[in-house]
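As you go down the protein sequences, you meet chains X and B in turn.
Mapping the first sequence onto my numbering, position 127 (from 1) lands on 127, and the numbers just tick up by one.
To get my numbering, take the position in the second sequence, counting from 1, and add 157.
Think of the hints as simulated: they come from the structure by calculation, not from any bench.
Everything numeric in this text was worked out from a predicted model, so none of it was measured.
Careful: at least some of the hints might be erroneous.
Taking lysine to aspartate or glutamate and the EDC-like style, the derived pairs with C-alpha atoms no more than 20 angstroms apart in a straight line are [to be verified]:
#1 B:Lys424 with B:Asp383
#2 X:Lys68 with B:Asp378
#3 B:Lys405 with B:Asp378
#4 X:Lys68 with B:Glu201
#5 X:Lys68 with B:Asp426
#6 X:Lys68 with B:Asp383
Which bits of chain B does chain X cover? Going by a derived footprint, with three or more residues having C-beta under 8 angstroms, they are [said to hold, decoys possible]:
#7 178 to 191
#8 248 to 259
All C-beta atoms in this analysis are idealised placements derived from N, C-alpha and C, irrespective of residue type, glycine included.
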Amino acid sequence: MSEGLNRIPMLLSVVFGLILSVVPLPHWLNIARPDFLVIVVLYWSIMVPRAGGLMLAFFAGLLLDAFKGVVLGQHALALCLASYVAIKLHLRVRIFPVLHQALTVFWLLALYQFMLFWIDGMSGHPITNYARWIPAFTGALLWPVFAGLLGNAYQRT
Amino acid sequence: MVALRTAESRPILGRGPSPGLRFFFFALLSIGLMWLDQRQGYLESLRHALSMVTYPVQVAVNSPTAFWDWLHESFETREHLQAENAQLKVRLRDADFRLMRLVDLEQENMRLRGLREATSRVAQRFVVAEILRVDLNPFRHRVIVNKGTSDGAFKGQPILDASGIFGQITRAGTFSSEAILITDAEHAIPVQVNRNGLRTIAVGTGDPGTLSLPFLATNADIKAGDLLVSSGLGGVFPPGYPVATVTKVNKAAAQMLAEISAEPAAKLDRDREVLLIWTNEPPIDVPAEPEETTATKTTPGAKP
């Protein structure tokens, strides 16, 4: 599995994604905060599915659960699903133009949010606020930037 | 950036289980985790272990703002410090003056309670905890404080700030704990109108500046400006601490219940430091006041 793959940029980007998803922001920005860690995981799922794949998604999700203090496994399941779809589509998504990629990422993020929404409801803490869908939009808007940054990090290795 | 990668990054058939199988495995694992966590509560030790991992990151995330605050304090001007010092002296004098009477009143209270063989529940001990500047979910009012079970914090421990009740601990880790604020939409606190002893429940609204009192009838004796203090029913919060001030009372004649909103006394969104308190009785003592509890349950807010 691991021959010839340098996983350091991946792990570094995961740490940065995690920090960015909990760093304090003013309230109005906080509502629109993209799911940085999710975008990072989706990027690696699309570009190098063998490097992290679903295991990366699962553990990143578990970390998010621990940070956000929700029921353990919630973000893990949602992130695994989004990452699985991304891995399934990765050969196609890679050759899409970047805007088309952003659209794909948008609905992956929406799928992720929907899973969270659903599990929130099932575990008895529903958040029925339309603002909770904003991160999917902002995340998709930021995808070109992310793909550029992470692409640089990946190619340098 | 988006070009096709070389062969080394392309999936090669026959390497490990297929993505579908892996997804099935991880999905089952997460659902199992959720079930264990939600229904059984078995995962406290795993949570503890995870909080050891998350705490350093939380401290790291918090450190730039903490450093900035420290810098700000270090380079405060002399005039500013003098003004603050003078202001604090005045406040200390006022507080001392009130404290003089308090010692006497406390003695009298103890004596009277001794006559009635009733125990008082006054905060006995407190520890100052710092709120870590870490954003959790923007739709929930939860914070992380830097005290955990190693400092004696426990689940359900009340948290106060200098001006009122702040919240309670929902999950105590080893070095840090998660707390819920009284304004969280999932939080409710039993309160009493200080003016006449009317008891009710203040429910969080999800808005950082508002509590709502949904269980009072339209003929209840409550008006804007009333101070709400904790009633101590429910056994979590000690009685007699300020919770909120009533800001708006809307008594529509057609409605059974009045719409009442109140503003929390604690500075929920501006606090840096809060107090974790221990009362002199075990935290959960619901059977200690059975008559009062049932009385409020059957006729909420009916007692004048």
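Outcome of the hint check:
| no. | hint | verdict |
| --- | --- | --- |
| 1 | B:Lys424 with B:Asp383 | holds, 18 angstroms |
| 2 | X:Lys68 with B:Asp378 | violated, 41 angstroms |
| 3 | B:Lys405 with B:Asp378 | holds, 13 angstroms |
| 4 | X:Lys68 with B:Glu201 | holds, 15 angstroms |
| 5 | X:Lys68 with B:Asp426 | holds, 18 angstroms |
| 6 | X:Lys68 with B:Asp383 | violated, 36 angstroms |
| 7 | 178 to 191 | holds (count 10) |
| 8 | 248 to 259 | violated (count 0) |
When held up to the earlier numbered hints, the structure conflicts with 2, 6, 8 and fits the remainder.
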